[in-house]
Amino acid sequence: MATLLQTLLLRTLSPEADPVLYVYIETVLPAMEREFGLIPALGGSEEAHFHLLRRRGNKYAAENSKRYASRSDQSLLVHVLNALLTAWNLLPFLSSTFELSDDEKRLLCLGLTLHDYNKWCQGEEEDSPIACEVAEILELCQTLGERLNFDGFWAEWREYLTEIAYLAQNTQGKVGTNLPKANWGSFKILDTRRLDSPLRWLLAFGDVAVHLSDPSDIAMKTGGDRLREHLRFLGIRRKLVYHRLRNCTGLLTNGIHNAVMHFARELDWQPILFFAQGVVYLAPQGAGVPDRLELQEFLWEQVSNRLATSMLRGEVGFKRDGKGLKVAPQTLELFSPAQLIRNLPGVVQSYVGNAKSPATPKRLEKLELSSTEREFLAKGADLRADRIAEFIFLAQKEFFGDKPEFITWMLETLGVQTAITSEQTQLQSGGVNWGWYHAAAYYVASNATLDLEEISEKLQEFAEQLATWAEENNFFPEHRSPTHDIFFNYLTQYLEVQGWEQQEQSFQLELAGYVGAKTKTARQPICSLSSGEFASEDQMDSVVLFKPQQYSNKNPLGGRQIKRGISKIWSLEMLLRQALWSAPAGKLEEQQPIFLYIFPAYVYSPQVAAAVRLLVNDLKRVNLWEVRKHWLENGMDAQALRSFPWLVGDKNDSGNSAPSRYSGEDLPFMAMNYTTTRGKTITDAWVEPAFLTLVLPLLLGVKVVATSSQIPLYESDNDFCESVKLDGPADFWALLRLPTSLHLQDWIGGRVQNLAEGLNRLMVAYCLHLDSRSAPPDARWRALNGSVREMTTNVLNIFSLAEEGLRRDGSKRDATVEEINRYWKYAQLWAEGDSDMQNKLKITKRLVDEYRQFYRASANESSHTVLLPFSKALEHILSVPNDWDDEEIIVQGAGQLQAALDRQEVYKRPLMLDKEIPFEIRRMKEFEAIQTFMTTCVIDLFGQMCKGDRALLQEHRNRLKSGVEFAYRQLALQEKQAKANQKSGEQS
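For what it's worth, our numbering labels the leading residue of the sequence shown as 19, then goes sequentially.
The set of hints was computed from the structure by calculation and includes no laboratory data.
Just so it is clear, CB atoms sit at the ideal spot from N, CA and C, and this is done for glycine as well.
Don't take every hint at face value.
Here are the computed lysine-lysine pairs in the DSSO-like style, where the Cα-Cα straight-line distance is at most 27 Å [what the hints assert, rightly or not]:
hint, residue 1, residue 2
1, 933, 830
2, 605, 337
3, 860, 843
4, 605, 374
5, 647, 605
6, 137, 199
7, 374, 421
8, 979, 933
9, 890, 943
10, 997, 926
11, 397, 384
12, 344, 137
13, 698, 860
14, 890, 926
15, 137, 994
16, 994, 926
17, 605, 830
18, 77, 123
Estimated spans, in silico, between C-beta atoms of each pair [said to hold, decoys possible]:
hint, residue 1, residue 2, range
19, 240, 117, 21 to 31 Å
20, 727, 386, 19 to 29 Å
21, 139, 35, 28 to 38 Å
22, 28, 928, 30 to 40 Å
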C-alpha cells in the first residue's frame, strides 16, 4: 500500500516528469521512509545524542552533543529526498555535454540515497567504515541497497555497486573523501570521468542546499559560495538570487510569497529552494533587480484581488444586524464608491434573506399612517422591500450622507416622489432609518407583480444608474486606502529581494508608538495581535474570527475602559482566513480551534512544497476510530500509519472532507491547518491536533507547532529546534509523561525514545479509551483525562479499564483471544522504559505461571474460578495479624490454599493427575508448588510491590486480579493453541 508521502509526490509530479524519478518514488521511497524516517541527519536533542555517543565510547560526547543540539531537527529521509530532488531540478539546465543518460540518472538517485550512510550507522548504533575501508563501504552499500529495495528500482544496480559507493563516499568533497579511482577497483561505467563531472557536482549541490536554513544564506554564508562553485563546475550559466519576508502571519505572508514567485517568473527566475521565509531562485546571469514600487503594486493587486472576489460575493467584509447591513472599513478601502455601489445588489441579496420575518412590517408599525395607507403598503411589506431599503440606506450612509440631491434622485428613480416626501425618507430612531422602508414598501406595493428575481434585476439597474449619476456629478468622496499605504510600508520594512537596498528598520517608530500607548492620555491602542509598529483600530465583528473584545484585557477597577483592536495588516490576515477557510466571522472561537503551523525542516524542494500544499488542501477530518483500526491491524506500529488513507479520495476514504486552506496553485511556505470540535471541553479540542502534531513529522519530516493562538508562535523553523511543539495542550498530555517539545529522538524516562514510540504511547491511550469508555459513535473524549490518569497511576489499570469495556453493554462477557492479546500488548507498550511498570507486569505473569503449576481451570470458566488461588492468597494476606512475619504468612497461606484445592475437581489439579506417581509424592509436589506461589505473593507482591502495606494491597486488589485474569487467559489460550499446532503437525 502506498505511503502518504509517496502518494502526495506522485499526485503532484508533472505528467512530463522523467520515468526514472517516478520509479524511484514508487520503489525506493517507501523503504527509505521506514529506514531513514526517524534517524536525525543534522541536529537534535543534546541529552539523547550525548547518551548515544557515550554508549559508543566517544570521549568527546559532551562537546559533540552540545554542537549537535545547536542545529534543528531534520530526518535523514527528508535530508536525502530534498537533496535528490534539488539535484534533479538542475538537470534541465545542463548543457548537452553534461546531459545524463538513464543509467546515470539512476546512479544520481542511488548515490544521493546512500551519501549519508554514516548517519544510518549511528541510528543503528553501529560503527561506520572510514574512507579507506573500501571493501567495508561496498558491503555496507550493498546491505543498505537490499534493505531500500534497490532491486525494485534497478535490476542491474549490483553491477554498478562500485559507482554507487564512490558517489556516496565522495558527495561532500571535503572530509571523508576517497577520490583516487584506483582505490575502488573496476567500474562498470565506461567513462569514469562522468562520475566526477557532472554526477558528483550534482550530488554535492543537492547536499549543500539542504543544509541551508534561510534564503539569505546564499548571500551571507559560505554555503552560498559552494553552491555557486558547483554551478560553475556544472556549466550552468545562472546565478542564485533570493527573496525573503522577515515576518509570518499565515495566509497573508503565504500570499505575498506566492505573488513574488509569480512576479519573478516573468523575469525567468526559477525557484529551486523553499523556506518558511522565502525562496532561492536560479536567475539568468544578466537578470536585473525587480523595481521595488512595481513589485509592491503587483503584490497589493494580488492580495486585494483575492479579497475582492469574496467580498463581491458577500462572503466577507460585510455584516448584518438589527440595524441593517454594514460594510467593513477594509471593503470601503478596497473598492471605489462606484465599484462598491454597482456590486452592492449581489451583496444585499446574499445577506438579506429573512423571508419569514421581514423587517419592513416592523418598521412601518412605528410610522404614523392611516388605515388606508397601511392596507396599501401591506402588499409590499416583505423581503422585496427589505432588500431595496437596505441598499438605499447603506449607499446613503457610506457615500452620500444628507445630500438632498441623492434623496430626490432616489425618490424619482423609484417613482414615489408624489407619495413620499424627502423629509419622510429621513425618519429614523436608534440608528435605523424607517423612511426608506416606507419608500421601498410603496414602490413594491405599486409594482406588486415583481418577484424576488425581478426585484434583484431592478436593484441592479438602480445601482448602475446611481453610480453613473454620482460620477457625472462628482458626488462621491475622494477614495483613499490607508490599508494600501500601510501594506506598502509593511513590505518596505519586511520584504527583501536580493539587490535591493536595505531600508532602515522601524524600531524607533514602533518604540514611540508603544511608549505613547502606555501614557494615561493615550488615544491610540496597540495592535492586540502584533507589535505596535502599525496603528491599531477597532474592528467590526465581520473582520475578526474571534468574539468581539475577546482579544482585550479586562478593564481595571476604577480605571478607564481599555479598547483594543488590531492593525490593518492583521485585518487583511483575518479577512483572508475567512475567504479561504470559509470560517465564520466572530464564531470560529466557539468551535475551539487548535491551529497547526507546519514548517519545513530547513528547506523544501519544489516537489515537496507542492506535496505539502496537497496535504493541507486534501487532508480529511481524522477519524480516530479508523486510525485505531488501521493501527491495530498493523501490529500497533506507528510507522504503519504511513499507509493510512489520509486524503480525500483515497481508497477506503471514510472521513469528512475538510475545507481547502489554500488556492490550488499557491504553495504553503508555513502551512496552516486547524481543527475544530463539537465537544465542549479543552480535552475534546486537543485530541485530534495532538495526534496530528505527532504524526505529521513522522509521515512527512516536517516541523509542527500546535497552539490555540491565532498568531504563529514562530516566524520560521529557525526559531525552534524540535520537530513537535505543543503550546498549552489539555491535561491528558502531561499525564502521558511526554514533553511538549519533542525531537526525532529524545532522552525520556532514562532512555532514548524516538517520535514513533511517543506516537505509540498516545495511540495506546486513545485506543484503550475508545475500547473501554466510549459510547459509539460518541468517543466521550471528555473522559480521556481520567483514563490516562488511571493508566499512568498503575499499568494494571489497563486491565481494569478493559474489563470496564467488556461490561459496557450491561452484561459481563469474556474477552476474546484477540482482545486478550491486544490488552497485553497495550500494557507492554505503555510500560516501555518504566522499570516499575515492567516489574508489575513481570510479577503478574510470574504469579500466573506459578499457580498454573498446581491449578488449571478452563479459559472459558468464570473469573471466580480462574482466580481462585490468587483470591485465596490475597484474602489470607489481608486477614492475618500485623505482627506475623513472612514465614508464618507463607506457611499458613499455603495450608489454607491446599485445603481449598482439596475441595476442587481433580482435573483442575495437574500435579495430581498422573496416578503412576505415588500419591504422597504428588501431594508433596503440589504443596511445594503452592508454597512457591505463596512466597511470591508475600515477598514480591505484598513486600516489594505494596511495600508491606495492607491498605495499599487492598487498594490494588481489583486491578491485580484484573491483570492476573488476563495473564491467565492469555497463557491458557497460548497453551491450547500450541497443543493444536502440535497435533496438526503430528497428523501431517
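Hint-by-hint comparison with the structure:
no.	hint	result
1	933 x 830	violated (38 Å)
2	605 x 337	holds (13 Å)
3	860 x 843	holds (13 Å)
4	605 x 374	holds (24 Å)
5	647 x 605	violated (34 Å)
6	137 x 199	holds (24 Å)
7	374 x 421	violated (34 Å)
8	979 x 933	violated (33 Å)
9	890 x 943	holds (20 Å)
10	997 x 926	holds (18 Å)
11	397 x 384	holds (17 Å)
12	344 x 137	violated (61 Å)
13	698 x 860	violated (40 Å)
14	890 x 926	holds (16 Å)
15	137 x 994	violated (46 Å)
16	994 x 926	holds (15 Å)
17	605 x 830	violated (44 Å)
18	77 x 123	violated (41 Å)
19	240 x 117: 21 to 31 Å	holds (30 Å)
20	727 x 386: 19 to 29 Å	violated (54 Å)
21	139 x 35: 28 to 38 Å	holds (32 Å)
22	28 x 928: 30 to 40 Å	violated (59 Å)
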